[in-house]
Amino acid sequence: MAYEPKIIGFLCNWCSYAGADLAGMSRLKYPPNLKIIRVPCSGRISPELVIRTFREGADGVMVLGCHIGDCHYSTGNHRTARRMPVLKALLEFTGIEPERFLVKWISASEGELFAETVREFTEGLRALPPLQKTMQSACEAWPGAFSAL
Amino acid sequence: MKIGVYICHCGSNIAGTVDCEGVARWAGTLPDVTVARDYQFMCSTPGQALIEDDIRELGLDRVVVASCSPQMHEATFRNACARAGLNPYLFEMANIREHCSWVHDDRDEATAKAKALVEAAVLRVRHHQPLSIRKVPINPATLIVGGGIAGIQATLEIANSGFPVYLVEREPSIGGHMAQLDKTFPTLDCSACILTPRMFEVGSHPNVTLLTYSEVEEVSGYVGNFTVRIRKRARSVDEEKCTGCGTCEEKCPRRVVDEVFEVGLGKRKAIYRPFPQAVPQYPVIDREHCLFFTKGRCKLCEEVCPTGAIDFSQEDQILEIRVGNVIVATGYDLFDCRRISQYGYGRYPNIFTSLEFERMSNAAGPTGGRIVLQDGETEPESIAVIHCVGSRDENYHPYCSKICCMYSLKLSHLAHEKTHARIYEFYIDMRTGGKDYEEFYKRVQREGVVFINGRPAEIVPEEGRLAIYAEDRALGRRVRVLADLVVLSAAIEPRHDAREVARLFNISCNKDGWFKEKHPKLDPVATMTDGVFIAGCAQGPRDIPDTVAQGAAAAARVLSIIERGELEVEAATAIVNAATCVGCQQCIQTCPYSAIEFLEDRGVAHVIEALCKGCGTCAAACPSKSITLCHFTDRQLIAEMVGAMSAMWEEVVAA
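The listed protein sequences derive, respectively, from chains A and B. Just so you know, we're using the numbering used here here: the first sequence kicks off at 707 and counts up by one. Just so you know, we're using the numbering used here here: the second sequence kicks off at 22 and counts up by one.
Possibly wrong hints are sitting among the right ones.
Straight-line distance between alpha carbons at most 30 Å, and here's what the computed DSS-like set of lysine-lysine pairs gives [to be verified]: (1) B:K542 to A:K810; (2) B:K539 to A:K810; (3) B:K646 to A:K794; (4) B:K646 to A:K810; (5) B:K539 to A:K735; (6) B:K316 to B:K262; (7) B:K156 to B:K646; (8) A:K735 to B:K532; (9) B:K542 to A:K735; (10) A:K810 to A:K794; (11) B:K532 to A:K810.
Over 10 Å on every C-beta distance to chain B, these chain A residues come out as not near it, computed from the model [claimed, not checked]: (12) A795; (13) E829; (14) L834.
Calculated from the structure, these hints are not laboratory results. C-beta atoms are modelled at their ideal positions from N, C-alpha and C, and glycine is treated no differently.
Based on the provided sequences and hints, a complete structural model is requested.
Shown next as structure tokens:
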């Protein structure tokens with residue numbers, strides 16, 4: 707049987723989690739790889755938490771929040787917008803492909819966009835080897851470089 | 022630790038794709054799980070009793086329910102736990118319906134995912150801590166923004182229940198668009214006759230503080246305890262002394278085109294009340310046009326005022342008020358018909374917007390109720406009413422403005438009554454849903470109005486009149502109609518500053534810019550911000566009966582909060598561990614609510630619980646991990662994530 711990527715999604719309670727609920731209510735289909743974790747705001751997601759998620763065995767991580775300007779906490783997602791690109795660059799630097807980490811704004815009314823996003827993200831990961839493998843081969847290339855992870 | 026796990030079938034909603042019994046059996050093997058059951062409907066009374074009985078009899082100290090979205094029933098199950106004496110924060114929910122059974126077809130895959138979600142919830146709940154629910158007193162005063170019929174209705178409902186209301190209106194008088202209308206469909210009540218008694222009631226109500234010519238500048242706080250800063254613009258008239266006699270208005274030598282109330286058709290003075298029945302009665306001086314303010318001389322109003330109420334030195338006042346709830350009823354703007362250049366509005370004479378025509382038809386309007394051409398004399402021999410100007414048009418507004426079909430019919434009826442003109446209506450679809458609306462349509466048909474099914478392509482001046490080119494879809498051929506006067510039934514659109522207002526009150530807007538309700542069907546006047554409600558056209562196009570109903574509904578929601586006296590607020594707030602805080606103050610910078618203060622003497626940050634909304638942005642920012650967001654701690658999130666993946670591992674291993 708083919709490899710199936712493991713995906714963890716951190717979704718803000720007010721927009722993206724509700725968007726995922728709407729996808730359910732609309733019976734839109736997407737692959738079961740994603741497991742959703744609800745957080746009050748995408749601003750709650752610290753870079754460490756994302757790194758930890760990769761370390762625990764995730765092949766992909768999604769951070770989804772409200773559109774800028776629509777944040778339930780007014781500017782919580784402004785922090786997400788600033789932190790996550792830095793994290794993404796860092797992950798890429800350490801050998802984790804950018805396709806494995808997605809930050810996106812999905813509102814409560816965008817169930818369709820949510821389902822489409824999950825489908826695309828999952829497909830993208832299926833095209834990659836498991837993260838463990840990526841890291842192994844990277845470690846072989848630069849021994850000791852990833853012991854910190 | 023004793024955890025109870027409950028898997029809901031939700032009829033066949035979940036059980037149709039997930040093997041609920043299998044998941045329950047498997048959940049029984051997870052660490053610390055004392056009991057795992059599956060049941061048809063966990064949210065039903067017997068379903069909840071199942072949890073309560075187990076808490077009491079088995080001594081459960083943690084509960085997990087795997088069913089629908091927590092948005093749906095988290096509160097239900099938390100309450101069930103609380104009834105049985107368990108702290109509601111020792112409960113966790115796994116969403117195996119919206120996020121699992123409804124989005125996956127394959128039974129094995131869906132069951133495996135349900136297991137993963139249940140394991141995540143079980144591992145997470147082991148780290149839950151009991152939290153105490155805080156209660157805050159509710160300020161019984163209410164702020165209502167917008168003095169149109171929605172705001173007026175809400176004001177009266179609340180004020181008549183004995184609670185104080187602050188009604189803030191930008192214009193010098195309350196009344197809104199309804200005060201401008203001539204008759205109202207389908208009953209043809211005179212708009213002013215039914216509105217002005219209510220306006221008067223608001224103006225004289227002992228519980229109402231009326232702040233006209235004022236705007237809200239800043240809002241802070243939270244449900245039950247908002248602090249609002251209001252700018253009360255200088256009226257240049259002392260409200261204590263003015264009796265509203267109107268002598269100043271009469272004598273003022275400066276005449277100005279009235280762009281607001283008379284929509285550019287009529288004139289007013291530089292010191293004015295928008296209309297004779299204005300509430301409050303005090304006039305304002307329009308400083309942009311007043312001769313004294315522009316040229317430094319005149320002061321005629323001051324001379325003639327019998328009570329010495331004119332005060333040229335008056336300045337804007339900043340008021341700070343405290344309220345418990347807010348109703349935003351800021352209404353709509355009329356679509357600018359100039360944007361559709363092929364209809365020639367603003368370029369050719371005798372093309373009016375619906376609101377202009379409404380003023381013309383109004384006996385108190387600029388023409389005294391006579392329907393005439395722009396020369397002010399000639400009665401039109403033929404009138405064309407064009408529907409959907411700016412509505413149902415991908416280039417402008419894709420939505421239906423809902424009220425235009427009915428007001429177009431009303432305007433045709435009024436024109437029929439007052440002139441001998443032949444009347445044509447160009448429409449796409451006739452939408453007359455509403456009590457007695459269809460009957461009114463039939464009546465206007467019987468009156469001889471010609472209905473042409475087609476949206477006009479162009480209006481051009483020909484033969485000294487206006488030629489309307491359209492396609493008659495019923496006949497399947499092109500038509501050209503000559504009219505002396507054209508009425509454009511303009512769309513209604515969100516206020517030009519709706520998004521700024523939305524930001525002020527923390528309301529979301531939909532893509533068109535209308536304020537978004539909490540739930541389109543089941544919570545139509547609440548917003549995502551507790552204590553902030555919306556009513557009237559600010560939420561979307563609607564007619565007067567619906568607007569009044571919404572105003573009353575918003576008032577009812579506010580009253581139910583006021584009556585409770587105190588409110589439970591989010592217990593999941595952030596706390597600082599003063600022992601490890603290094604005082605870098607990064608958290609203070611990130612907090613959207615300025616809820617974190619720096620204790621200078623101890624050199625550490627401190628969360629002001631009453632202001633914290635529990636977003637957790639600070640917790641993610643803290644470099645020394647000294648801030649914890651209760652109920653969303655790192656430990657809880659990591660346990661949940663590990664749980665979600667450990668069952669995933671098994672899927673992979675099994676494969």
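Hints broken by the structure, by number, lowest first? none
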